[in-house]
Amino acid sequence: MTTVPYIPSYETRETYLNSRYSVASWLLTKDHKRIAILYMLSISFFFLLGGAAATIMRIELMNPHGYLMSDDVYNKMFTTHGVMMVFFFLIPSIPATLGNFLIPLMIGAKDLAFPKVNLLSWYLYIIGGLMAFTALVAGGIDTGWTFYTPYSTTYANGWVTLTLTGIFLNGFSSILTGLNFLVTIHKMRAPGLTWFRMPLFLWSMYATSVIFILGTPVVAIALLLVIFERVFGIGIFNPQLGGDPILFQHMFWFYSHPAVYIMILPSMGVVSEIIACFSRKKIFGYEMVAFSSLAIAVIGFLVWGHHMFLTGQSVYSGMVFSVLSFLVGIPSAIKVFNWTATMYKGSIDLKTPMLYALGFIGLFTLGGLTGLFLSTMGMDIHLHDTYFIIAHFHYIMVGGALMGYLGGIHFWWPKITGKLYNEWWGRFAAFTLFLGFNVTFFPQFVLGYLGMPRRYHTYPEEFQLLNVLSTAGASIMAVGYILPLFYLTWSLKYGKSAGRNPYRATGLEWQTESPPITENFEVAPIVTHEAYDYAEMEPAHV
Amino acid sequence: MGKFQLFPDQASAMAPQVDLLFFYLCAVTFFFTLLIGVLVVAFAIIYRRKHEDERPAETHTSKLLEITWIVIPFILTMVMFAWGAVIFVNYSTPPKNAMEINVIGKQWMWKVQHPDSQREINELHVPINEDIRLTMTSEDVIHDFSIPAFRVKMDVVPGRYTTEWFRPTKVGQYHIFCDQYCGTEHSRMVGKVTVMTQGDYQAWLSGQVRGLTPVAAGRELFQQYNCVKCHSQYAPTMANLYMSKVDVWEDGKLKTVIADEDYLRDSIVNPAHQIVDGYVGKQNMPAFKDQLSEEQIMQLVAYIKSLGQNEDKEDPVRMRNSYVPKPPATPEMNGLLTK
Amino acid sequence: MSEELYDSNILTSGTGAVGDDTGPLARGTNPHPIAVEHDHTHGHHGLVAHHFSDLAQQRESGTLGMWIFLATEVMFIGAIFVAYFTYRVRHEFFAAFRHGSENLLMVIGFVNTLLLLTSSLTVVLAIRAAQLGNKKWVFRHLILTMILGAGFFGFKVVEYRADYNEHLWPAWPNWTKDTPEDAKYFLPEKGPYFTDKSLSVEELNSRLDHARLFYRFYYSLTGLHAFHMLVGLGIFAFLAVQAHRGKYTPESHQQVEICGLYWHFVDIVWIFLFPLLYLVR
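Residue numbers (numbering that gives the first Met the number 0), protein chains in the order written: chain A, 0 to 541; chain B, 0 to 338; chain C, 0 to 280.
Quick caveat, the hints were computed from the structure, so don't treat them as lab data.
There may be inaccurate statements among the hints.
Unchecked claim - In silico DSS-like links for lysine-lysine, alpha-carbon gap of 27 Å or less:
| no. | chain 1 | residue 1 | chain 2 | residue 2 |
| --- | --- | --- | --- | --- |
| 1 | A | K495 | B | K49 |
| 2 | B | K62 | B | K95 |
| 3 | B | K62 | A | K344 |
| 4 | A | K344 | B | K288 |
| 5 | A | K115 | C | K246 |
| 6 | B | K110 | B | K95 |
| 7 | B | K281 | B | K244 |
| 8 | C | K155 | A | K29 |
| 9 | B | K244 | B | K254 |
| 10 | B | K191 | B | K288 |
| 11 | B | K288 | B | K244 |
| 12 | B | K254 | B | K105 |
| 13 | A | K29 | A | K492 |
| 14 | B | K244 | B | K191 |
Claimed, not checked - Per label pair, the in silico range of CB-to-CB distance:
| no. | chain 1 | residue 1 | chain 2 | residue 2 | range |
| --- | --- | --- | --- | --- | --- |
| 15 | A | L26 | C | T85 | 39 to 47 Å |
| 16 | A | V230 | C | L113 | 31 to 39 Å |
| 17 | A | T54 | C | F271 | 31 to 39 Å |
| 18 | B | I103 | A | V467 | 33 to 41 Å |
A quick note: this is a predicted structure, and the numbers were derived from the prediction, not measured.
Even for Gly, the Cβ is constructed at its ideal location relative to N, Cα and C.
Just chain A, with the same shape it has in the complex (with noise of 0.2 Å):
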């Protein structure tokens, strides 16, 4: 970074975005850039649909004896809440938009080790939700996106099989992509680009991806062992035959917990970055961190029973499942100091993306630390299956993953789009998020610990207050949500050009143009620095 190099102006110069126009050149891409946006728009959709599915629920929840559905459209809304939310888009979300873009981005490569991999992956993934779309309007399912057996298998109508079949392709689109990823940071890596000074945001997506391969495979088999019961009427898990229910959910959740690890590792890696970038200073204990990632990866895989301490499995086998649950979350706390620590006489700058990274750590940590209630047995008993758990996992998944989605989004926006968006709405649209979440979900502690369970479409009245307050703190949230849409839209034709490095960020990334050329780097680059090398930050040119 010494002198400024001329570069042609933005609407002349070729990119990946304008570089072909026609649909072909988009779907049947191989450039991990576009297939990238692609998959931003598809969860998108997915999300809309799944919040379009919350609202129904919450607007119902209004009113304790239910006046706008009957019991079984309540139970489908919150069952394709759950499915759309999770499947379709809190297990793609970071990983195949910013992962997919930013990855050969960060290690200096020209695209993923397999780009047809890559879009079958994209394909796989549209199919999947075109299934599992195709099932919700034929008239849709009520199992819940946990789908116990043996109501899943013998006793629930509707279109379970092809929900199911829908989530069993999403899994292999899930499990290529983190194929895709493994390879690439072992074997692509740019020259002078060692594992120790890799931004944190690829050990992250390092992690998740190997939960993406050894998890994944398992919730595909527990799902279709229960096609196969419910289509071929072989099953393992009818109790009337011998069957053990209690085996689908040891299988279910061996993935679903460690898949809560792939929607929270690369948020933490997003937060990660942001953080570094504007406190302009390296990570707090960079190593400890990027160890942690892998912490959390590794012992995810052994905490699964902490969801079924209630089902009769034995104390012994509790106590160790309780035990691993409190282990895993020493990393994450681990994270939460080092980010804190790393403000710490840092120059703060409260940019959109900053606002969404700090609203994570705290979100994050209260969210996580309600974690430790459902981890701790003698409390779980009462908690278990109540709003308590709602309100924990949405303060993780709503508080954590998805602020640290929409941070990423804002933060790399310049360089996807080459395009400034308007700073003082983002902020704006931040803080509502924040504001509106923390009124939906902290009452729902409240009435989780009051008792009241989860999936009820009618309740006691006396909870009806705090539920009322729950849907008015949801309607500021959807502000929050919907504000984006509409700025970064405005941005992509009237914002600031955005140069290649706005925020001054270190990273390969940041090096090349806004938006990049189809491969990348003009010149491969190699690297001689550690990572977030702000103490050797040149001076800003006017």
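Starting from the structure of chain A, add chains B and C where the hints point.
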């Protein structure tokens, strides 16, 4: 039950223990959330960027600091683990002389049986200060028998038995919820547990003395045994049923019968014998043969006979959704009826 | 092959990197360095995809990718194996599994094992032929592999047909029929274990139920395995076409190696399945 509160009643011996653990967890949670929150906000203000080229001095990692904030959380969480495990082990080992009550869950009701063969549906009457142990199983899918005021719950699984136990310590009525999603009417699979003094419990066991007319007693039974739940929605309506012509299937053959007292009694005691046309394959009504005395059956029949004959606005059978209105309150009914 | 030309008007050298220093490579770096100024590989123009820096990187990436994929397959199989074992070790299931297994056609299973083992040999021979530059034999060994695989598949079809005719299809009673009596039709009482008249009806039914569970695993496991064989046949058909075009040389036959890994894996899974299902007796 019934009034707005921010903290649940403590109605069992276990409740205060669980609540104490809860307060410890809350203390740790709020302490660290506040700590991080305050620090982050403070740093954002104190160290805000003063000029564009500001470059902070390099801070060095402190291994001591890192170790501290690993060890302290570790200790705090191990306390949580041990405390919670103790409560859970205690919960998993019911006392030897506990009163045994059996619970069967099925979509979407709870069937409770007391040791002396007294039965209840969606209700549980228990004496105060006595150890009660529930042995439970399901007839179909996984349910969960939950009493928040006691801080207890346990999954009810088909194909095996699970148990939970508690020791009620406060007279009153508390919610029973089904706490594992089990299908369409999961949220209506609720009930209430009534904790009574020993004397009242004995009185309840030996049957209730009522000064009610047969129709009024029958209406009470109709609610108490939850007939209203199905018969106001998708089970055959009973308005103007008495002495009308009904098409029924019996032994695979369709015939027309008159709904007289015998028919009504038979439908309660042995519902599978004759199934109303249009409900074959959907018939789900349990047989009440062993649960009601003949006197109670007569009271129910009297009530059903009265349906449709007067403009009874509170008649639950006429309600379109399964919102159950409060029946007229009388001193005897107070505290013993579902809402 | 690389279209982006180096234009000295646009960038000074080295501004693609974090620093301007283009000096010696630091420790532990990518062993496949890209030359800074020119970005095309030497001599292997048609063989290296544009995003890889050289043939070695491409080959290593492909191999690592296949190993990771096989790791995911291990997790798939592991999940069903664990499910199988959770039942097998319970004492009420153990005997039923054993006696249920007696009705399987072990001869066909054994023949299939031999076919698969031989096909793995032909795969190795195909790779060896490629290494030696013997293009004709690469093609022939690949075809042989396919024939053996198709033979496996053919015997599988025969076996499934025979199983079905023996009423060893333990579906839900109401999958095709409606009465409990018909359920018994779908697993005949074969052998004294299932027809011991001294036992109660409930006990006999319970034994039949447990044996049916065994069959569910049998069909799930062998069905999924057969599906993977089918996919393998498709892959090898593709390889055979490529071999016929002479694509595989001693320097570049990575595709055969990688797909050979897949085939070996499918073979190994069968080596586990065969004893687990057929040799339980």
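Going through the hints against the structure:
1. The suggested pairing of A/K495 with B/K49 holds, with an alpha-carbon distance near 24 Å, which does not exceed 27 Å.
2. The straight-line distance between the Cα atoms of B/K62 and B/K95 is roughly 53 Å, outside the 27 Å bound, and the hint therefore fails.
3. A hinted pair counts as satisfied when its Cα atoms are at most 27 Å apart, and B/K62 with A/K344 qualifies at roughly 18 Å.
4. For the proposed pair A/K344 and B/K288, the alpha carbon gap of about 78 Å is over 27 Å, so the pair is violated.
5. For the hint pairing A/K115 with C/K246, the CA-to-CA distance comes to about 20 Å; that is within 27 Å, so the pair holds.
6. Between B/K110 and B/K95 the alpha-carbon distance is near 24 Å, which keeps this suggested pair within the 27 Å criterion.
7. Taken as a hint, the B/K281 and B/K244 pair is honoured in the structure, with Cα atoms around 21 Å apart against an allowance of 27 Å.
8. At most 27 Å may separate the alpha-carbon atoms for a hinted pair to count; C/K155 and A/K29 exceed this at roughly 39 Å.
9. About 10 Å separates the Cα atoms of B/K244 and B/K254, which keeps this hinted pair within 27 Å; it holds.
10. Only pairs whose Cα atoms come within 27 Å are accepted, and B/K191 paired with B/K288 is accepted, the gap being roughly 23 Å.
11. Restraint check for B/K288 and B/K244: the C-alpha separation of about 24 Å stays at or below 27 Å, so the hint holds.
12. Annotation: proposed proximity of B/K254 to B/K105 is violated, straight-line Cα distance about 31 Å (limit 27 Å).
13. Restraint check for A/K29 and A/K492: the C-alpha separation of about 26 Å stays at or below 27 Å, so the hint holds.
14. For the hint pairing B/K244 with B/K191, the CA-to-CA distance comes to about 38 Å; that exceeds 27 Å, so the pair is violated.
15. Checked against the hint of 39 to 47 Å, the pair A/L26 and C/T85 passes, with Cβ atoms roughly 45 Å apart.
16. Evaluation of the 31 to 39 Å hint for A/V230 and C/L113 yields a pass: the beta carbon distance comes to about 33 Å.
17. The hinted range of 31 to 39 Å is not satisfied by A/T54 and C/F271, whose Cβ atoms lie roughly 50 Å apart.
18. The hinted range of 33 to 41 Å is satisfied by B/I103 and A/V467, whose Cβ atoms lie roughly 36 Å apart.
Hints 2, 4, 8, 12, 14 and 17 from the list above are not met by this structure, while the remaining hints are.
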